[in-house]
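Take these sequences, add in the hints, and give me the full structure.
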Amino acid sequence: GEDVEQSLFLSVREGDSSVINCTYTDSSSTYLYWYKQEPGAGLQLLTYIFSNMDMKQDQRLTVLLNKKDKHLSLRIADTQTGDSAIYFCAESKAGGYNKLIFGAGTRLAVHP
Amino acid sequence: KAGVTQTPRYLIKTRGQQVTLSCSPISGHRSVSWYQQTPGQGLQFLFEYFSETQRNKGNFPGRFSGRQFSNSRSEMNVSTLELGDSALYLCASSSSGGVYEQYFGPGTRLTVT
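In order, the protein sequences belong to chains A and B.
According to our numbering, the first sequence is numbered sequentially starting from 147.
According to our numbering, the second sequence is numbered sequentially starting from 7.
For the record, the hints were derived by calculation from the structure and aren't laboratory data.
C-beta atoms are modelled at their ideal positions from N, C-alpha and C, and glycine is treated no differently.
Among the hints, a few may not be true.
[What the hints assert, rightly or not] Here are some chain A residues the structure puts well away from chain B; computed CB gaps all over 12 Å:
{"#": "1", "residue": "V158"}
{"#": "2", "residue": "E160"}
{"#": "3", "residue": "N167"}
{"#": "4", "residue": "S219"}
{"#": "5", "residue": "G228"}
{"#": "6", "residue": "A255"}
[As the list claims (entries may be wrong)] Pairwise CB distance ranges, derived in the manner of DEER restraints:
{"#": "7", "chain 1": "B", "residue 1": "T13", "chain 2": "A", "residue 2": "G161", "range": "37 to 43 Å"}
{"#": "8", "chain 1": "B", "residue 1": "S101", "chain 2": "A", "residue 2": "G186", "range": "22 to 28 Å"}
{"#": "9", "chain 1": "A", "residue 1": "A250", "chain 2": "B", "residue 2": "Y16", "range": "22 to 28 Å"}
{"#": "10", "chain 1": "B", "residue 1": "L17", "chain 2": "A", "residue 2": "E184", "range": "20 to 26 Å"}
{"#": "11", "chain 1": "B", "residue 1": "T117", "chain 2": "A", "residue 2": "E184", "range": "18 to 24 Å"}
[Claimed, not checked] Only pairs whose alpha carbons sit at most 20 Å apart, straight line, appear in this in silico SDA-like list of lysine to any residue:
{"#": "12", "chain 1": "A", "residue 1": "K239", "chain 2": "B", "residue 2": "G64"}
{"#": "13", "chain 1": "A", "residue 1": "K239", "chain 2": "B", "residue 2": "S101"}
{"#": "14", "chain 1": "B", "residue 1": "K63", "chain 2": "A", "residue 2": "D172"}
{"#": "15", "chain 1": "A", "residue 1": "K239", "chain 2": "B", "residue 2": "Q50"}
{"#": "16", "chain 1": "A", "residue 1": "K182", "chain 2": "B", "residue 2": "Q12"}
{"#": "17", "chain 1": "A", "residue 1": "K182", "chain 2": "B", "residue 2": "Q43"}
{"#": "18", "chain 1": "A", "residue 1": "K182", "chain 2": "B", "residue 2": "Y106"}
{"#": "19", "chain 1": "A", "residue 1": "K239", "chain 2": "B", "residue 2": "Y109"}
{"#": "20", "chain 1": "A", "residue 1": "K182", "chain 2": "B", "residue 2": "Q47"}
{"#": "21", "chain 1": "A", "residue 1": "K202", "chain 2": "B", "residue 2": "Y106"}
{"#": "22", "chain 1": "A", "residue 1": "K239", "chain 2": "B", "residue 2": "Y106"}
{"#": "23", "chain 1": "A", "residue 1": "K239", "chain 2": "B", "residue 2": "R61"}
{"#": "24", "chain 1": "B", "residue 1": "K63", "chain 2": "A", "residue 2": "D149"}
{"#": "25", "chain 1": "B", "residue 1": "K63", "chain 2": "A", "residue 2": "A240"}
{"#": "26", "chain 1": "A", "residue 1": "K182", "chain 2": "B", "residue 2": "P45"}
{"#": "27", "chain 1": "A", "residue 1": "K182", "chain 2": "B", "residue 2": "E107"}
{"#": "28", "chain 1": "A", "residue 1": "K182", "chain 2": "B", "residue 2": "P112"}
{"#": "29", "chain 1": "B", "residue 1": "K63", "chain 2": "A", "residue 2": "T176"}
{"#": "30", "chain 1": "A", "residue 1": "K182", "chain 2": "B", "residue 2": "T11"}
{"#": "31", "chain 1": "B", "residue 1": "K63", "chain 2": "A", "residue 2": "F248"}
{"#": "32", "chain 1": "A", "residue 1": "K182", "chain 2": "A", "residue 2": "Q226"}
{"#": "33", "chain 1": "A", "residue 1": "K239", "chain 2": "B", "residue 2": "F56"}
{"#": "34", "chain 1": "A", "residue 1": "K182", "chain 2": "B", "residue 2": "G48"}
{"#": "35", "chain 1": "A", "residue 1": "K239", "chain 2": "B", "residue 2": "Q60"}
{"#": "36", "chain 1": "A", "residue 1": "K239", "chain 2": "B", "residue 2": "K63"}
{"#": "37", "chain 1": "A", "residue 1": "K239", "chain 2": "B", "residue 2": "N65"}
{"#": "38", "chain 1": "A", "residue 1": "K239", "chain 2": "B", "residue 2": "E107"}
{"#": "39", "chain 1": "A", "residue 1": "K182", "chain 2": "B", "residue 2": "T44"}
{"#": "40", "chain 1": "A", "residue 1": "K239", "chain 2": "B", "residue 2": "N62"}
This is the structure:
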C-alpha cells in the first residue's frame, strides 16, 4: 500500500541540530524526497535520495535512508529561525512516473 | 531561469460553478503534475501530463480534469464545485520522463463558498 508517516511537530533551539523522521511502507519506492513549505508558499525541493543509497549530504542537510526498516530521516545542522517551516517527506515508485506520495508534514519550530 | 508560475494565485467561486487554473512549467520541462493540498487530506496527487498526454491519474472524481498544451503549459478544470474543493492547488514541473527533481509553483488558493 501507499503510506508515508511523519511525526507532526518538532521544536528545537536555534543552533542545535534538527532530525525529522519519516517511515514509508512501499518497498518498491525508488526515490525519496524532502520538501519544505513556508507559510503561504509552495513546496521547495530540499533534497532527494535514490533508494539504493544510504546517505546523502548537502551543506547543512544530511539524509539517511534505512531501506530495511523503510525509515528516512533529514538532519538539519545548526538550525536557524529561517528553517522554521513544514517539512514533507515524499516517495515515488518505479512506473509511477512523477506521482509523489506525501507524508502529512512535520512542523519545525525553532526558538532562541 | 524562471520558476513554475501559477495563475491566478487566489480565487473565490460559488458552489456549482466551474474553475480553470493555469500552470506554466520551467522552460524546457515537459512534465506537469497537479496536487491538491487541504488541512484534512494533506497533499494528494491529481494527475500528471507529459508531452500533452495524461500519464497518471489520482483518485479524484471526474469533475477534476486537465490538459497540456504543446508549449507544456497545463490547465486543470474543476466543474460543479463543492465546498470540499476549497484547497491550495499546486503544480510541479519536471524535465524528464523519469522521476527526479520536481519543482513546485506557489499554488492557487481556491475558496468555494
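When the structure is checked against the list of hints, which entries are broken? Sort them ascending. none
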